[in-house]
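*Asks:* So the protein sequences, as listed, match chains A and B.
Sequential numbering from 1 applies to the first sequence in this note's numbering.
Sequential numbering from 195 applies to the second sequence in this note's numbering.
Rather than coming from a laboratory, the hints here were simulated on the basis of the structure.
Heads up, a few of these hints could be off.
[Claimed, not checked] With a cut-off of at most 20 Å between alpha-carbon atoms, the simulated SDA-like pairs for lysine to any residue come out as follows:
1. Lys83/A - Leu264/B
2. Lys83/A - Leu251/B
3. Lys83/A - Leu256/B
4. Lys83/A - Ile51/A
5. Lys83/A - Pro63/A
6. Lys83/A - Arg122/A
7. Lys83/A - Leu346/B
8. Lys83/A - Ile308/B
9. Lys83/A - Arg309/B
10. Lys83/A - Ala62/A
11. Lys83/A - Thr357/B
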Amino acid sequence: MSYLFIVLTSVFSANALLVYGLGVCPAFRRERRGPWVHLAALAFVNALASILFWIVRSFALAPLGLESLDIILYAVLIAPLLKYLSRFIASSPAVSLVRMGAAMDEAVTSCLVFGVALIATRSNFSLLEALAASIAACLGYWLALIVLDSIRERLELSDLPASFRGAPALLLSAGLMAMAFMGVDYALLRSVAR
Amino acid sequence: MEKKSSPFLPDLMLGSLVGLCPVIVVSGNFASGVIVALGILFCTLVMSLLMPALRSLFPERLRAPLAFGLAAAFTALYAVLAEAYSPLLSSLAGIFIPLTLVNCIVLATLRRGIRTEEATTRGVILKSFMFFSLLILVSAFREIAGAGRITLPMPGTEAHILTLFSLPPLRLLTAPAGGFILIGCLAALYRFVQRRLLGRRIS
């Protein structure tokens, strides 16, 4: 499978937030995100989780036919390892690294990281394809988040009925965005990536 | 005053927008909605019952990894049971059965169980049942209105489908985009009703 096709698919037609609904809860929370630090943290933790999950599943579980135990291995091996790493990064003196470590620490047990790792591992990708898919999924999530944040700012200035103010209006906007992202179909991406 | 700001129902899904990941995607099909909702209910209930024991047996620094590992074990057990019950429904639910482990409701149960000393089992059970019923209702509505049929969560390898209309009125509802739009409308309705009810209570 072409890497460009995997990247385009993960960003658009299989967008983690708008198509798989991963990481919805933090996306609709009202918080200011430091763009680059948060993106770097998400991409790093996503890539690392996917690689480790792929290795554990392919080399330890699949030969024994124990793939159904992958959930337990993620919880007892990969998540603690990533938590330890994120706390190690957060303990460094540089402020940006502290913020990155904190963002990583929060992301380890989020459905975005585990979900992307599951998708990348269960799609029969090779290790490099899984890595590309996980980083692209993170980019797609970030792209959707940035657009949603700017929509939120516009919505705050709009005259909406009281019940629709805030999250309900943002959910409706996310629905419209999801339609747009799903409109970029696989056939089109395949011909672009060829 | 405290009563005024508190919701009239446990408002996980529609009030606080917590645990929405499976709702947006999986609830497009009734059977997979039921399978995932049961998984979340099972994990939440078992963990809320086990947390007091975990709190009394282990020191604080060990509780979080142990609780997470235990939740993973129960999620894996549920995934195996779901696969045995119906491989078709299990594949329909896809990654959302393993994702029960990191569902916000399950994680909130673990966090609360680790930190607080008081028993919160009753509140957790009430909220989990509320989430369970809402997820099932949303799944039924989305499949009936979006596909004109309902897939029954029956055991076996074949799908048991009950066709209701040949021309479904709102095809978009079965897609994730429809999930976002429906949850947005329900959240707005929830806020509207809450405001009205609280207004009555105040007057």
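*Asks:* Are the hints correct? Go through all of them and say.
*Replies:* Structure-based check of each hint:
1. Lys83/A - Leu264/B: 17 Å, holds
2. Lys83/A - Leu251/B: With a Cα-Cα distance of about 24 Å, the restraint between Lys83/A and Leu251/B is violated, given a limit of 20 Å.
3. Lys83/A - Leu256/B: Holds - the C-alpha atoms of Leu256/B and Lys83/A are around 14 Å apart, at most 20 Å.
4. Lys83/A - Ile51/A: 16 Å, holds
5. Lys83/A - Pro63/A: 28 Å, violated
6. Lys83/A - Arg122/A: 23 Å, violated
7. Lys83/A - Leu346/B: 40 Å, violated
8. Lys83/A - Ile308/B: 17 Å, holds
9. Lys83/A - Arg309/B: Holds - the C-alpha atoms of Arg309/B and Lys83/A are around 19 Å apart, at most 20 Å.
10. Lys83/A - Ala62/A: 25 Å, violated
11. Lys83/A - Thr357/B: With Cα atoms ~48 Å apart, Lys83/A and Thr357/B exceed 20 Å; violated.
Going down the numbered hints, you'll see the structure goes against 2, 5, 6, 7, 10 and 11, while the others check out.
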